[in-house]
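Use these hints to put chain D onto chain W, whose structure you have.
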Amino acid sequence: MWDQFIVTPLTNLLLWIYYVVGHDVHSFGLAIILFTILIRLVTYPLTVKQMKGAQAMQELQQNKHWLEMQKKYKGNKEKLAQEQMKLYKELGISPFSSCLPTLIQFPIIIGLYQSIIRALASTPLALLQLTRSIYPFLDASALIPLNSRFLWMDLGRPESIILFGFAFPTLAIIVAATTYMQSKLTMPASTQPGDQSAQMGKMMSIYMPLLLGYFALTFASGLSVYFITSNVVGILQYAALGKVNWSNLLPGPKKSK
Amino acid sequence: MKVKHLVLISLAALLAGLLSACTNGSVGSSWPGMTADEDAVYLSGGAYVYAIRLNDGTEMWHYPEKADNKRLFFAAPVLTPDGQLIVGSGGSNYTLYSLNPKNGSENWGFGEAKDRWVGSPLVGDDIIYAPNSDGELYALDFNGKRLWTFTAGGPLWAQPISDSQLIYVASLDHRLYAIDPQSPTDNEGRKEAAWAIELDGAIAGAPAASTDGLLYVGSVGASLTAIDMASHDIRWSAPTDKGVWSGPTLDGKTLFFGDLSGKFYSLNAEDGSRNWEPQQPDGSIVGSPSVMAGYVIFTTETGSVYALDRNGETAWTKMVGGKIYTAPLTAGDLILVAPMQAEFLLAALDKDGHQAWTFQPQK
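Each protein sequence line maps, in turn, to chains W and D. Numbering-wise, the first sequence is residues 441 to 697 according to this note's numbering. Numbering-wise, the second sequence is residues 6 to 368 according to this note's numbering.
Looking at chain W on its own, in the form it has when it is part of the complex (with noise of 0.2 Å):
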C-alpha cells in the first residue's frame, strides 16, 4: 500500500521532472528543487492552516475568559484542561491545526527519502526495482541510470567537503540553520509570560534544526537539498504573506505581527 500510493508515484514525479528538466549533469537535483517546490505549492492551504492556527492560539492567550479560567483552575489541571477543550469548541479552534502541517510533512519526507534512493539505485536489486516502478508513460530505458550528480554532490550519499583533512558537513549546517531561520521568522512574537504556544514552538525551533541536521549529516544528501528548498520556499511563503517576523532573528524586544 505504502510502495504503490506513495513511493511509487513520487518516484514517477521525480523521474517526470528529471525527463522534463533533461539528461544534464545537474537535472536531477534540480528535479529535487522543482519537486519540493510542487510539494510546497500543493501543501499551501496547510500552510495557511498552520499560521492562522497558530495566530488564533496566540489571540487566545489574551482572551478573558482564558485568562480567568487560568486563575480559577490552577490547582485543578483535569478541570483546567476541560474548560479549555470548551473555550476551544466555542471559538471554533483546534489545539492541534498550529503543528498538523508539520506532521504531515513527515510522510512526505519519508516517502521523498525512498524515492530518492530508489530513483538512484546503487544495486542491481535496486536498478531492478526502478525499473519495474517506472509508469509506463516514461521511457525507463532513456531514464536509467539517472545522474546523481549535483554540484559538488553524489546526491544518493551523505554530504562533507574535506577542509584541512577535516570533512566538514557543509549541507547539514545549511539545513539546520534555515530551519532555524524558518521556524524563528514565522514565529508569531509573545506578549505572555508563560504563552505555551510560544514554548512549544521555541522547543521546535531548538530541536527541529538539530532533527534535520543530523539527518543531513547521516542521510542521502538529496534529502538535504528536500530540506533546504523547503525552508527557503517556507519562508518566502510567509513573507508574501505579510507574515515573516524578522525581529525574532534579531535580539531585543519582539514586534508582534
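A hint or two may mislead.
To be verified - Quick list of simulated restraints, FRET-style, between CB atoms:
hint, chain 1, residue 1, chain 2, residue 2, range
1, W, Gly605, D, Thr322, 56 to 62 Å
2, D, Arg315, W, Asp443, 37 to 43 Å
3, D, Glu197, W, Tyr575, 36 to 42 Å
4, W, Phe546, D, Gly116, 36 to 42 Å
5, W, Pro547, D, Asp357, 47 to 53 Å
6, W, Gln569, D, Met324, 21 to 27 Å
Read the hints as simulated data drawn from the structure, not as lab findings. Cβ coordinates follow ideal geometry from the N, Cα and C atoms, glycine included.
This is chain D only, laid out in the frame that chain W set:
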C-alpha cells in the same frame, strides 16, 4: 512540558528509524555471486564470502571473521592463475580484496575505487581488469597495484571480456567500450577507448564473444544486439518483450538468454533469427543461463530452475524456493543455485534436477 519533550524526541527517533530502515532495505543489498574450482564453490553472499566443499556442501571458511556493515559482497568472486580469489566489496569501504582460496586469509586490498564493486573482474595472464560503479575500469597487477585505468561515462556493473587483443566492457551509460591494453596511457595513467558503441539502454550484463568476430550484448532497452568487432557496426538487433538484464550464453551457433518479462529465447547467433518461439516459464529471468550435458539451464525470480533441451522442450523443473537472480553455475556434475530469501544460501542439484545438498551457514 516534559511530556511534550518526550513526544518530540520519540517522533524524531521514529522518523530516524524509518529513514534508516529505508536505507538498509534498498541500498546495501543485492543478490549473491559465485564461482567454483574443482573442490569448492566460493559464494559472495551479503556480509561474507564463503568457501563451500562441492562434495558435501560443508563450509571450509568464511571471510571476514565478523560481519562488518562496510563490507558487503555480491560481485561473483574470480580465481587467478596464481591461486588468488578476487572479490570486491559492495559495501561502503569500496575495497577489492585478494583472498587465499585455501583458508580465506586476506592477501591484499585495493582501496582506490570511489564506489561499490558490483561486476566481477576479468583475470588475464598477469592483469586483473576490475570494473567499478564509479565508472572506472582498474587494471591491477597480481599484487593489487594499479597499472592503469579507463574511464567510462557511467557505472560498470558487467564483467569485462577479452578476445585476446581488446578488452570489452559494458556500462550502464548504454555504451560498450573496447580498450586496447597495449595502447599508451596519458600522464595520469589513463587509457582511451579504442572504440565504443551506443546501444538502446543500460547494459548490466557481460557481453558474449564469438570466434566469428561478433559480440552479443543484452540491454535494459529490451533488445539483444550483435556487434561486428572489426567494423564496430551493429550486425543485427533482436527485440525482446522487456529488458535483458544479464548477458546471453553462446553455445556453438546458438544464443540463449531470458528477459525481465520472463521469456526465454534461443536465437541463431549468425542472423538473430529465432530457433524456436520464446518459452514462458513462471517468472522474470535475471541471470544468464548455463549449458550442461545437452541442456540449457536457467533460473527464474520465482525460485525455479528449468532445464530445456535444444528444441526448447522442458526436460525438468525444480522449485528451489526464495527468489533467484543469480545465474546458475555448473561445477562438475552439479548445478549450483543461489537464491535470496530462502532457508539456505546455496543449493546443489544433480544433472536431473534432484537436490544433492543445501548450504546454510551456522549461526
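Inset, instruction - Check each numbered hint against the structure and report the violated ones by number, ascending. - result: none
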